[in-house]
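Asker: Top to bottom, those sequences are chains A and B. For the first sequence, position 120 (counting from the first letter as 1) is numbered 120 according to the numbering used here, and the numbering increases by one without interruption. For the second sequence, position 195 (counting from the first letter as 1) is numbered 195 according to the numbering used here, and the numbering increases by one without interruption.
Watch out, some of these pointers could steer you wrong.
Identical copies go unnamed one by one, so any copy, or any two together, can satisfy a pair.
Said to hold, decoys possible - Subject to a maximum C-alpha distance of 30 Å in a straight line, what follows is the list of computed DSS-like cross-link-like pairs (lysine-lysine): (1) 210 x 230; (2) 320 x 106; (3) 278 x 210; (4) 106 x 230; (5) 100 x 321; (6) 320 x 210; (7) 231 x 210.
Just so you know, the hints here were simulated from the structure itself, not pulled from any lab data.
Number of protein chains: 2
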Amino acid sequence: MKEHPKIIDRILEGIQPHQSFCIIGHVRPDGDCIGSQMALALALRSEGKQVVCWNDDTVPRKLRFLDPDGLMTRPHSGHSFDCVIATDAASLERVGTIAKHIGQRKLFINIDHHASNTRYADLNWIAAREPSTGELIYRLLRVAKWPITPPIADCLFTAVSTDTGSFQYPTTRPGTYHVAGELVQRGANLERICDEVYQSYPLARVRLLKHVYNQFRLTHDNQIAWFWLKKRDFTRAGADTSDAEGLIDHIREMEPVVVACVLEELEPELTRISLRSKDSRVNVNHIAAQFGGGGHSAASGARIAGRPLAVQRRVVAAIKKAIDAAKL
Amino acid sequence: MKEHPKIIDRILEGIQPHQSFCIIGHVRPDGDCIGSQMALALALRSEGKQVVCWNDDTVPRKLRFLDPDGLMTRPHSGHSFDCVIATDAASLERVGTIAKHIGQRKLFINIDHHASNTRYADLNWIAAREPSTGELIYRLLRVAKWPITPPIADCLFTAVSTDTGSFQYPTTRPGTYHVAGELVQRGANLERICDEVYQSYPLARVRLLKHVYNQFRLTHDNQIAWFWLKKRDFTRAGADTSDAEGLIDHIREMEPVVVACVLEELEPELTRISLRSKDSRVNVNHIAAQFGGGGHSAASGARIAGRPLAVQRRVVAAIKKAIDAAKL
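Please model the complete structure; the sequences and the hints are all you need to start from.
Answerer: This is the structure we're talking about:
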């Protein structure tokens with residue numbers, strides 16, 4: 001194994017003397033968030049630590065198989081911990097209401113792969129070149145020499161696989177494939193994981209997909225695709241926001257599309273946008289930053305106040321400008 | 001690198017003295033077939049050999065980027081070769097009309113990963129545990145110490161990735177991920193490959209998908225999903241039948257569905273059905289056999305004469321019966 005950064009040693013030294021841990025993730029947790037939290041929780045439990053996992057939102061249905069014993073709970077007040085560890089959360093705002101309940105702690109650790117991470121903890125391991133936080137947890141466990149059991153391998157494989165779009169995103173590095181191979185070698189159940197994560201969509205999501213295919217719009221020579229998700233669309237589909245994860249890929253994969261955008265109604269005058277770029281010359285992190293958001297060059301997001309149609313016009317105009325500037 | 005089978009040495013000894021090569025693949029070539037053929041052809045060219053590639057069918061649009069110089073041609077008579085190498089072709093029937101044009105050769109080599117391979121050549125390397133032929137070509141090149149250039153890495157990554165369903169099929173082995181990592185290290189252009197192969201659906205296919213999401217039907221406690229593809233649906237979408245490849249997966253991946261079925265109009269009174277089962281207790285090969293068709297337990301098909309609505313009723317009734325008999 002290649003030389004590891006000193007921050008790993010400092011994190012392990014920080015963890016060692018403590019007994020009670022709370023592992024926190026971000027709102028609307030995805031496979032990398034849940035997989036990283038659960039893998040770290042299982043490893044710390046094996047080391048005799050007391051561990052709870054807190055998330056503001058419930059675990060998406062397709063990821064529940066990773067938590068058969070219900071380690072994941074909602075945050076509540078009146079608790080104190082020796083150590084709080086945030087995984088995959090780029091800022092304190094991203095952990096939601098949890099931030100209010102973790103004041104009583106001796107040490108706060110932040111492990112993440114987002115370049116935009118605000119380094120809000122006592123110890124911050126931010127590895128922006130890594131495609132997933134799961135890969136960081138894998139390296140932490142390897143350096144610590146904590147056993148990677150099959151359930152831990154399931155969690156880490158899910159994290160690595162989902163945050164690389166099944167090993168397709170250009171951010172996927174040679175080492176990522178080697179980690180995936182190691183995890184399968186150590187017992188990750190590929191059949192179960194891929195069936196649960198990629199091949200079991202609830203009918204509510206199917207109804208959202210029908211909405212997407214009927215409502216998506218193309219503009220700028222079909223280089224920009226977008227659709228709206230209004231609250232009423234979720235209600236009609238009997239869906240919740242976790243069913244919307246990955247819908248953007250369906251417009252992203254249309255051949256002429258360069259930038260895909262989903263506009264989601266949070267409040268009548270508050271819109272959440274998600275952006276995806278298929279061309280390295282168009283950096284959607286820069287576009288999101290214009291609206292106070294952030295992320296990566298190929299995937300980013302922001303929350304924008306204002307009337308929906310005005311927001312849509314501003315966002316689509318910003319995307320057009322970025323595409324024109326790139327001279328594709 | 002682990003010890004390699006003796007057949008690799010015999011293949012390399014067979015190749016060494018010869019000058020002119022023809023690399024052949026199977027009808028309706030997929031990513032593993034084209035990627036394996038092209039990688040081997042590029043490597044042999046680098047070694048100073050004369051190489052042509054023959055396929056009965058043209059290269060699918062999404063794979064054409066692998067052959068910018070047009071090495072792939074259709075078979076024609078009146079040629080003789082020192083050596084013919086078949087890749088990914090389980091039998092001589094699978095290479096189509098090519099079989100008629102390769103009689104003039106000194107050596108015939110067969111490299112494949114299908115367990116059903118009929119060992120039809122002089123030297124046969126059949127590795128049924130490997131998930132792709134591309135992985136065999138990678139090993140051959142490594143043992144031969146032929147350089148794996150970025151274009152060769154592109155071809156082999158495409159082969160390995162497509163035949164494992166982007167590293168998701170349960171047949172994917174730890175070594176497969178390591179090979180993928182090596183190929184990315186050696187310059188496989190992940191962004192280009194995944195964009196071309198997985199993220200470039202023509203708009204005609206998108207319009208077919210819209211049709212699918214609007215027209216699919218569920219019955220039998222949502223355990224059966226089906227949709228029709230009529231000739232007019234293709235016309236309206238500006239699509240051809242190749243755009244319909246994989247549409248069935250969209251109803252297969254609905255969580256409650258056990259059997260997915262597509263009914264495609266071939267003639268006003270001739271219907272082609274495709275069946276997929278997600279439960280090993282429901283064998284769709286048996287269902288297809290009732291209508292004179294066949295296939296595998298999880299994927300099968302048939303052609304059925306009769307009025308469309310009558311065909312649909314008979315097929316859905318047969319699926320219901322099979323599900324009830326399985327007592328899920």
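Asker: Which constraints among the numbered hints does this structure fail? Numbers only, ascending.
Answerer: 2, 4 and 5
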